[in-house]
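> What follows is each chain in one-letter form.
Number of protein chains: 2
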Amino acid sequence: MFTVYGMSDSGNCYKVRLALEQLGLPYRWVEVDSSKGETRTPAFLAMNPNGKVPTLGLEGGGHLPESNAILHYLAEGTPLLPGDRLGRARALQWMFFEQYSHEPYIAVARFILRYLPRDTPRRAELPRLQERGRQALAVMEQHLAAQPFFAGPAYSIADIALFAYTHCAAEGGFDLAAYPAVNAWIDRVRGQPRFVALPG
Amino acid sequence: MFTVYGMSDSGNCYKVRLALEQLGLPYRWVEVDSSKGETRTPAFLAMNPNGKVPTLGLEGGGHLPESNAILHYLAEGTPLLPGDRLGRARALQWMFFEQYSHEPYIAVARFILRYLPRDTPRRAELPRLQERGRQALAVMEQHLAAQPFFAGPAYSIADIALFAYTHCAAEGGFDLAAYPAVNAWIDRVRGQPRFVALPG
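Same order as they appear, the protein sequences are chains A and B. The numbers in our numbering rise by one with no breaks, and the one at position 182 of the first sequence is 182. The numbers in our numbering rise by one with no breaks, and the one at position 183 of the second sequence is 383.
Careful, some of the hints might be misleading.
Said to hold, decoys possible - Have a look at the derived ranges for each label pair, beta carbon to beta carbon:
(1) Leu86(A) with Asp284(B): 16 to 24 Å
(2) Arg118(A) with Ala397(B): 46 to 54 Å
(3) Pro321(B) with Leu23(A): 44 to 52 Å
(4) Thr3(A) with Ala346(B): 20 to 28 Å
(5) Arg118(A) with Gln392(B): 49 to 57 Å
(6) Pro49(A) with Glu259(B): 35 to 43 Å
(7) Ala397(B) with Gly191(A): 49 to 57 Å
Read the hints as simulated data drawn from the structure, not as lab findings. Since the structure is predicted, the reported quantities are computational estimates derived from the model, not experimental observations. Every residue, glycine too, gets a C-beta built ideally from N, C-alpha and C.
Let the hints inform the model, and build the full structure from the sequences given.
Here's what the structure looks like:
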């Protein structure tokens with residue numbers, strides 16, 4: 001059985017939960033609170049020297065960090081990863097887009113507004129984060145205006161990766177009403193078999 | 201034949217050149233200068249709506265952006281991608297580490313010092329970028345003290361991805377002498393068949 005070391009309200013950790021649920025794979029969830037230093041303990045750093053959740057405990061021993069690498073590992077050989085070479089590359093294209101051009105803006109804006117005190121000096125970062133986040137949403141909107149999912153005609157781990165922080169982008173100050181194709185895609189993702197919501 | 205739309209002295213673009221050379225694949229290189237707005241033209245945005253280099257022109261038509269997705273696409277079925285499921289996941293683990301925990305600090309510090317005017321206000325970002333960059337180098341050092349390459353016993357696209365901005369980290373103000381295992385790995389990468397250096 002897999003073990004997920006994760007924070008329940010982290011979008012990166014939610015990706016792993018959603019994939020495990022949709023693939024029908026049994027797992028154990030171990031809550032790890034990075035805000036309490038629990039990702040910097042010697043025991044945690046022995047699992048992931050980069051000190052981040054999620055980290056997956058593998059069935060045969062060993063640990064795998066990085067949410068999108070975990071998604072790819074779980075999805076290989078299943079309908080959640082396209083069966084053709086270009087489709088697999090398209091899934092990775094959008095997953096790298098998510099980690100480089102989307103998460104650092106949309107998830108970080110949410111983090112500042114949801115978890116930090118109202119008087120945090122980090123609120124000064126919000127205009128830049130929201131500008132870059134809107135650019136990412138515009139790229140998604142353009143894609144989804146022409147295609148139902150990200151990596152091809154079918155739902156895949158690219159959709160899971162991008163759904164995690166997009167569906168709750170309002171918590172980072174983003175107005176999703178401006179992106180009708182993104183909203184329709186959010187509804188399509190919610191309608192997938194065995195869908196589970198982000199806890200909390 | 202593949203077409204690479206890239207900037208020759210970008211590490212992200214160099215990854216693609218190095219993989220193509222090491223795989224012995226013929227390609228055409230089209231220089232695109234993002235500092236002159238050439239990634240924001242309608243023609244370029246039609247290839248990559250996210251407006252970034254590198255973007256790969258595929259043999260059968262169509263375009264693939266995101267340097268690490270391009271590496272994966274090129275390496276599938278070759279010795280540059282591990283043949284087992286966990287090895288492939290390990291390669292992706294380090295490639296996502298590179299785009300999230302390494303490139304935004306080490307490459308951006310190099311960009312500020314190498315390309316922006318000496319009086320740019322962005323120099324104020326350097327202490328934080330260099331602190332985070334040193335954290336990434338420390339994670340690499342710990343891994344390489346025990347293993348020769350990133351995704352397993354053999355050289356792979358994970359090494360190509362991390363080599364691109366690590367070997368020139370001194371240009372971002374990093375002192376690589378503090379990371380002996382990283383230095384030894386840089387020499388191992390330079391010793392691989394058909395290695396080519398970052399131009400310029």
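> Indicate, hint by hint, whether the structure satisfies it.
Results for each hint:
For Leu86(A) and Asp284(B), the hinted distance range of 16 to 24 Å is satisfied, since their beta carbons lie about 22 Å from each other. Between Arg118(A) and Ala397(B) the CB atoms are about 51 Å apart, so this pair conforms to the stated range of 46 to 54 Å. In this structure the supplied range 44 to 52 Å holds for Pro321(B) paired with Leu23(A), their Cβ-Cβ distance being about 48 Å. For the pair Thr3(A) and Ala346(B), the beta carbons lie near 23 Å from each other, so the given range of 20 to 28 Å is met.
The supplied range of 49 to 57 Å is met by Arg118(A) and Gln392(B), whose beta-carbon atoms lie about 53 Å from each other. For the pair Pro49(A) and Glu259(B), the beta carbons lie near 39 Å from each other, so the given range of 35 to 43 Å is met. At roughly 51 Å, the beta-carbon separation of Ala397(B) and Gly191(A) lies within the given 49 to 57 Å, and the hint holds.
Going through the hint list in order, the structure satisfies each hint without exception.
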